[in-house]
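Peer 1: Each chain, letter by letter, is given below.
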Amino acid sequence: MSGVQPRIEVKDLVVRYGDAVAVDHIDFAIAPGELVTLLGPSGCGKTTTLRSIAGLETPYSGTITLNGQTVFSGSERRNIPAEKRGVSMVFQSYAIWPHMTVFENVAYGLRVRKAPKAEIDTAVARVLNMVQMQSYADRPSSNLSGGQQQRVAVARAIAFAPNVLLFDEPLSNLDAKLRAEMRVELRELQRSLDITSLYVTHDQEEALAISDRVIVMSKGKIEQIGSPEEIYNRPRSLFVADFVGAANMIQGQVIGPGPNGTLLFEGQGGIRLEVEAPPDGRGGTTVALRTSYIHLTPMPETHNAVAGTIHRRMFHGDFIQYVVDWPAGQLIVRRPPTEHYAEGSAVTLSFLPEHCVLL
Amino acid sequence: MRHTGSSAWIAPLLLLVCGVLVLYPLVYLVTESLNIGDAQTFPPEEYGFGNYAELFEEPKVILNTLFVACLATVMAVLFGFIQAWILTRTAIPGRERLERLMQLPYYMTPLIGALSWGVLLGPKTGLINQAWRSLGFSSDAFNVYSPWGIAWVMALFEGTVAFVMISASMKSMDPSLEESSRVLGAGKMRTALKVTLPLVAPGVLSATIFVFAEMLGSFAAAFVLGIPGRFFVVTTAIWEATLSFPPDYGHAAAMGLSLSGAMVITLGISKFIMRKGSYATISGKGFRPRAMEVGALRWLLLAIAWGYIIVAVILPLMALTLTSFERFATVIVHQMQFTFANYETALAMGSLAPAFANSLLLGIVVSSIGVPTIGVLAWIIYRSRMPGRGAMEFLIMVPQAVPRLVFGLGLLWAWINIPIPIYGTLWLLGIAYFTVFMPLGLRTIAGVVLQVDKSLEECARVCGASWTYQMRTVTLPLLRPGLIAAWLLIFIASVRELGASVFLMGPNSKVIAPAIVNSWLSSSSELSAAMALMQTVMVFIAVAILFRVARRVGGTTV
Chain A
1 MSGVQPRIEV KDLVVRYGDA VAVDHIDFAI APGELVTLLG PSGCGKTTTL RSIAGLETPY
61 SGTITLNGQT VFSGSERRNI PAEKRGVSMV FQSYAIWPHM TVFENVAYGL RVRKAPKAEI
121 DTAVARVLNM VQMQSYADRP SSNLSGGQQQ RVAVARAIAF APNVLLFDEP LSNLDAKLRA
181 EMRVELRELQ RSLDITSLYV THDQEEALAI SDRVIVMSKG KIEQIGSPEE IYNRPRSLFV
241 ADFVGAANMI QGQVIGPGPN GTLLFEGQGG IRLEVEAPPD GRGGTTVALR TSYIHLTPMP
301 ETHNAVAGTI HRRMFHGDFI QYVVDWPAGQ LIVRRPPTEH YAEGSAVTLS FLPEHCVLL
Chain B
360 MRHTGSSAWI APLLLLVCGV LVLYPLVYLV TESLNIGDAQ TFPPEEYGFG NYAELFEEPK
420 VILNTLFVAC LATVMAVLFG FIQAWILTRT AIPGRERLER LMQLPYYMTP LIGALSWGVL
480 LGPKTGLINQ AWRSLGFSSD AFNVYSPWGI AWVMALFEGT VAFVMISASM KSMDPSLEES
540 SRVLGAGKMR TALKVTLPLV APGVLSATIF VFAEMLGSFA AAFVLGIPGR FFVVTTAIWE
600 ATLSFPPDYG HAAAMGLSLS GAMVITLGIS KFIMRKGSYA TISGKGFRPR AMEVGALRWL
660 LLAIAWGYII VAVILPLMAL TLTSFERFAT VIVHQMQFTF ANYETALAMG SLAPAFANSL
720 LLGIVVSSIG VPTIGVLAWI IYRSRMPGRG AMEFLIMVPQ AVPRLVFGLG LLWAWINIPI
780 PIYGTLWLLG IAYFTVFMPL GLRTIAGVVL QVDKSLEECA RVCGASWTYQ MRTVTLPLLR
840 PGLIAAWLLI FIASVRELGA SVFLMGPNSK VIAPAIVNSW LSSSSELSAA MALMQTVMVF
900 IAVAILFRVA RRVGGTTV
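Going down the list, the sequences are from chains A and B. Each residue of the first sequence is one higher than the last, beginning at 1 in this note's numbering. Each residue of the second sequence is one higher than the last, beginning at 360 in this note's numbering.
Derived by calculation from the structure, the hints in this document are not laboratory data. Hints may be right or wrong, so weigh each one.
Stated by the list, open to error - Here are the simulated DMTMM-like pairs of lysine to aspartate or glutamate, each with C-alpha atoms no more than 20 angstroms apart in a straight line:
no.: 1; chain 1: B; residue 1: K483; chain 2: B; residue 2: E455
no.: 2; chain 1: A; residue 1: K219; chain 2: A; residue 2: D12
no.: 3; chain 1: A; residue 1: K219; chain 2: A; residue 2: D242
no.: 4; chain 1: B; residue 1: K813; chain 2: A; residue 2: D19
no.: 5; chain 1: B; residue 1: K813; chain 2: A; residue 2: D203
no.: 6; chain 1: B; residue 1: K813; chain 2: A; residue 2: E57
no.: 7; chain 1: A; residue 1: K221; chain 2: A; residue 2: D194
no.: 8; chain 1: A; residue 1: K221; chain 2: A; residue 2: E83
no.: 9; chain 1: A; residue 1: K219; chain 2: A; residue 2: E229
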């Protein structure tokens, strides 16, 4: 990102509703063409941040810069209205105007900008084609299905070639299968248009799947910014480890150095684990262990090998989830559906030190 | 919201205007009620609570009011409950049409209801009483000029709100609550008693108290059917007090304010019960509870449901039509002579034709000014973040808790004492209508404003539209059906207005409803019937348009 001027830059942003602080001093920057996700539980301030960038909320302090132009500055008392910011947005409710046809909905941004009629016709046809809604152009928009409304909303948002695209939980009203499909389509569209995007979601799986980078937020603050892999494999806080992906939390404490630069961690029940030493030398009392990184074998192994008993087996289709009794209590383990263990059978649990994240 | 720069002055201005309109007459009312000196001077020379104490010196009026209100409430809730149950919960043919017809008695107005039932059940001359006597009975079947008659008319024509409220609580009940009772082994009867009844009870109780408050402030039926027999309730006593010589405004104001106070308290209780009891019915889904199969019983239920429509709409209209074409209403049925003379008189008579024209003019002007004004207020109250929105909403809703008669009294007194010469002109009536119908307009428009998802407007802004462009292309088109409905409702309310008009009408500013009453009191029932029918036709045309508009907006009926 160095050297390139960011498309979106948020500095020291604070948003308040009366006495409540919704967004609490956050900073981030998004490079041209990037798709960045704001991820967090409801009420964490992610949507408020997005709406502040769109110009739909008035922040309390801080600055927001789009394409090098400051659109909000608390200290300069500058607040450029939404319609002058040149951003576009896909709303959670789709906000398809029921009194207009599909064509009129999509053409709105171009008509506002007084584009010539011929240009409007070609641009609308082009974007409707992109979202595979070309045959619906003259339909009234009041009886489209959820998925169709979603496509029209996306077409409308990209029709006037904005330089920044904002998504406010655009897929949360779709059923699971359609959501998975649209996820792929949105990512394809974003890549092919090379359009800078900020995407808000509370669905961690969606965030990991579509983003270049993920910003995890909690209680108005940023918990961690990083690539999906970093967020998943190297959570920086208990919150991130717990909120993103499925993890076991093992309580205990570091009791000294282990082999090969690892640390020795003693958990409840006297189990001893080799865990990776955190890069900044922090040391906590919890180890986070992803459920997918635990191996189950019938025979003992060497590294971090602990005996356990299969307590419960749940078939999920794409994976099997085991609840395994072990000295520190119970551990959740996810294995491919090809690995079968009967309930009650003895197994050995094993995992690499680098998958034990000390928090 | 950044548009405030250009329109920042609109909100304070509107607030100021509404504040003056609502509070100015009320201040006069309060001052006058405390005036124990010469009633004709303002400001009063002596203050005291004498006027209030006077209320209890002749408790007859209070007792009359309570008696009639209780009686009417019991009847209205009974009718409303039965109708609501039949129309929402049983599988009888033509439910939807019946439900729409159920709104007609309200639009008929209690004034016209009272006139027509006077024609049907008046002593000796009433059509039903004549038929009764011709069967060989020596006395009348029933005299409608009595407390029971007044309560009957009030229940039929003002009590439909009980039906609306009770059927709303029956409709919003999740059918799975009853279904789970059946699945768990309870029979129909047990389910009705143990599940259905407790669930609708808060709705019924709240409706009962609400209707009672309405009945306390009811004027027209007691006026038409009570005055001839000198039977007074609070509202008619207020009217009487202002007619006595010298007019006893202090006494009238004290009665009016006490009445308003009683109504505010009762309405508050009703609202409280509704909120506390709503645990049962909340779910917000648009389902319709499954209709019960009632077998052969459905013909009886159908007859009951239609019986109500016949008694509250068809019979009165037939009686009025018959009377309006008669030369003399009092003759025996088989000696009738028919004529168009009454309609000719109604349209030609010096003071009546202008009354129609004035009412029409007032209806059109008041709704045309009211809808844009209240529209802007509704938008500020429910969409902006302007400080003082709550106060603004409260202020606009105040007239709802004051009977129009009492408000009219306040306006009368307020404008007599001011050097602007609008008393006795249409201007004052226009101001009065605007003020008393603000709550109606705000409720109607708020309903649509709240339905329009905020993101529909926000999306237009993000797409690059300015505030005015967004208003023109998105907000107003979406609000249009609601605005048209509000216009029609205010128009209808203005055309049929009686309570405030009786005080504010002048010799050169006559309007329909009081003119009909005057004609009735000067005992020309044929002419009154013709005028009443013409008013009803005017209102029904507006109602028909209203229904059509309402049906276009996603099938909801107003």
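Peer 1: Now tell me if each hint is right for this structure.
Peer 2: Here is how each hint holds up against the structure:
no.: 1; hint: B/K483 to B/E455; result: violated (39 angstroms)
no.: 2; hint: A/K219 to A/D12; result: holds (15 angstroms)
no.: 3; hint: A/K219 to A/D242; result: holds (15 angstroms)
no.: 4; hint: B/K813 to A/D19; result: violated (24 angstroms)
no.: 5; hint: B/K813 to A/D203; result: violated (24 angstroms)
no.: 6; hint: B/K813 to A/E57; result: holds (13 angstroms)
no.: 7; hint: A/K221 to A/D194; result: violated (29 angstroms)
no.: 8; hint: A/K221 to A/E83; result: violated (28 angstroms)
no.: 9; hint: A/K219 to A/E229; result: violated (23 angstroms)
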